[in-house]
Amino acid sequence: MTAHTTTRRTDIGGAFPGLRRRRRSRVEQLVEAFLFLSAAVGVLTTAGIVLVLATETAGFFALVSPIDYLTGTVWSASIQPYQFGVLPLITSTLLVAVIALVLAVPVGLLAAVYLAEYASDRVRNTIKPALETIAGIPTIVLGFFAINFLTPVILQPLVPGLGGFSALAAGVVVGLLITPLVASLSDDALRAVPRALREGAYAMGATRFEVSRKVVLPAALSGVMAAVILAMSRAVGETMAVVLAAGTNPNLTLDPRESVQTMTAFIVQISLGDTPQDSIQFKALFAVGATLFAITLGLNVLSNRIVARYRNVYR
Amino acid sequence: MRRRLAGTVFYAACIAAISLTLLALLLLLLDVLSRGLGHLDPDFLSGVPSRRPARAGIMPAILGSLYLGLIVAVVTFPIGVAAGIFLEEYTKDSFLNRLLRTNISNLAGVPSIIYGIFGLALFVRALNLGETLLAGALTLSLLILPVVIIATMEALRAVPASQREAAHALGATRWQAIKGAVLPAAAPGILTGIVLSMARAIGETAPLILIGAVTFVTYAPNPVEGGYTVLPIQIFQWASRPQAEFQEIAASAILVLLALMFALNALALFLRVRLSRHLQW
Chain Y
13 MTAHTTTRRT DIGGAFPGLR RRRRSRVEQL VEAFLFLSAA VGVLTTAGIV LVLATETAGF
73 FALVSPIDYL TGTVWSASIQ PYQFGVLPLI TSTLLVAVIA LVLAVPVGLL AAVYLAEYAS
133 DRVRNTIKPA LETIAGIPTI VLGFFAINFL TPVILQPLVP GLGGFSALAA GVVVGLLITP
193 LVASLSDDAL RAVPRALREG AYAMGATRFE VSRKVVLPAA LSGVMAAVIL AMSRAVGETM
253 AVVLAAGTNP NLTLDPRESV QTMTAFIVQI SLGDTPQDSI QFKALFAVGA TLFAITLGLN
313 VLSNRIVARY RNVYR
Chain Z
1343 MRRRLAGTVF YAACIAAISL TLLALLLLLL DVLSRGLGHL DPDFLSGVPS RRPARAGIMP
1403 AILGSLYLGL IVAVVTFPIG VAAGIFLEEY TKDSFLNRLL RTNISNLAGV PSIIYGIFGL
1463 ALFVRALNLG ETLLAGALTL SLLILPVVII ATMEALRAVP ASQREAAHAL GATRWQAIKG
1523 AVLPAAAPGI LTGIVLSMAR AIGETAPLIL IGAVTFVTYA PNPVEGGYTV LPIQIFQWAS
1583 RPQAEFQEIA ASAILVLLAL MFALNALALF LRVRLSRHLQ W
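Line by line, the protein sequences give chains Y and Z. Per this note's numbering, the first sequence starts with residue 13, numbered consecutively. Per this note's numbering, the second sequence starts with residue 1343, numbered consecutively.
Isolated chain Y (complex conformation) (with noise of 0.2 angstroms):
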């Protein structure tokens, strides 16, 4: 039995030694395979999303011509006559977006300083996933306590006028939406700054203060900026906070108090009705999915290619 096994052990190992290799390596080639397939699908999608995207938005542009669609100021397309001109929907996206940021950027940031700079281990460890939690929040949610909680009772005893849905009820709770991000982001941003730069500043008398405004900030700022366009591109992609709260009323306006709808309320008040899917107002829902692809590409690569300079600085 044993010299048996011996000899087997011999045959593979020794006098046919391409053998095992050879079949070991066909599991390889497929498992590399697989592994590699898998890998793909992103790709697919992307270049699925890209396709879809583009061929309707093809479709939408045999009707109406792309410069009317880029530089319309009325955007009518539930009411005729029909008019599409996009301006209304990006201003609004734009309005919310960045009443969300004039929020999110002070408080997530000052909250990223004290967690990074201030608070010891085991505060930084209660505190990061609490703020995490709201991240993690659905934001259907957000939406409901919006219409529900900061519009009636928070934001109308503040700002006369302000009706149940407004583009700053939306801001608000997009903003409170992303501050988790800006935090945490930020938050690793002044981690990544050397040790030793801090301790110099202290050598020379600086307060902690100080040692943050002066010498850690300027040093993560392109950390930092990296996550803020990685919130407003969050911001401008949000949905359904937004669709609760700020309404689905297409209005080129900069008045934070009347109702927008932005492009993403108008992508899910099409899909919510019975809009027959060869009708023009369903390949106009690809154009304003195109458009808001577009945008929020442009500012994930902006903020991509930040953080991979910054990451050069200190190697």
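One should not assume that every hint holds.
Selected chain Y positions facing chain Z (Cβ under 7 angstroms, derived; list incomplete) [to be verified]:
(1) 48
(2) 50
(3) 53
(4) 58
(5) 59
(6) 61
(7) 117
(8) 119
(9) 252
(10) 306
(11) 308
What the simulated footprint calls covered on chain Z by chain Y, stretch by stretch (three residues with Cβ under 8 angstroms from a Cβ of chain Y suffice, anywhere in the stretch; the number is not a length) [unchecked claim]:
(12) 1347-1359
(13) 1509-1517
Quick caveat, the hints were computed from the structure, so don't treat them as lab data. Even for Gly, the Cβ is constructed at its ideal location relative to N, Cα and C.
Chain Y is already provided as a structure; the job is to place chain Z on it using the hints.
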């Protein structure tokens, strides 16, 4: 003296910023609890939607969300983990690998509603699945995939190189080393990532609106046939109605959704603690 005062003011501002954010979270939870607890009884959980809010229930939505989470996990687990292994363990510095990585990180930043548009074109129309739970789940799987891949890559990166080297020294091939040494060590991190992305899928609303998640469903959903609804869609439908009663049952449904997500998060934490107990490097 002035320098110290500036420092104190700044510190106070930092504390205020964090308190304000956490206060908003607290207010949100209190508001939903105070509105929603009243309706949260067995009849609500086992009932079906109704035009009259007092009689409405969310059984079809709960089942829809559970099926959805399950399908998403089953689809994304093999593909996401395999893609993560390829990107982290194979041909790490090739042009192809860098392209795939950049693509994954860009996909993670695409708004969820764009996935809805793509899912509508691919699963509902081209593959002819119709506006079904399966089409919705496959759409969300594409949305979640980058998250699972990134979580897998991070878990693999945390495994020390010595584990791989030891396996290679014993004569293991690349795949044998991954299967025998690296994956078991990375399993807690990978599983945690998958459970957390399930929670994310269950909370998604926007893409499913494009995949025709019908809001008035009075029966348990069939994944491949007929209308379906899920908790976030049901919440959206009730929350868009002006009547206060509908807002209240929307709050009750939010409590169920949050409880489900909390349970998944607790499960993820449990898995990480439990499975990594025997790992020692």
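**Message:** Of the numbered hints stated earlier in the document, which are not met by this structure?
**Reply:** 5, 7, 10
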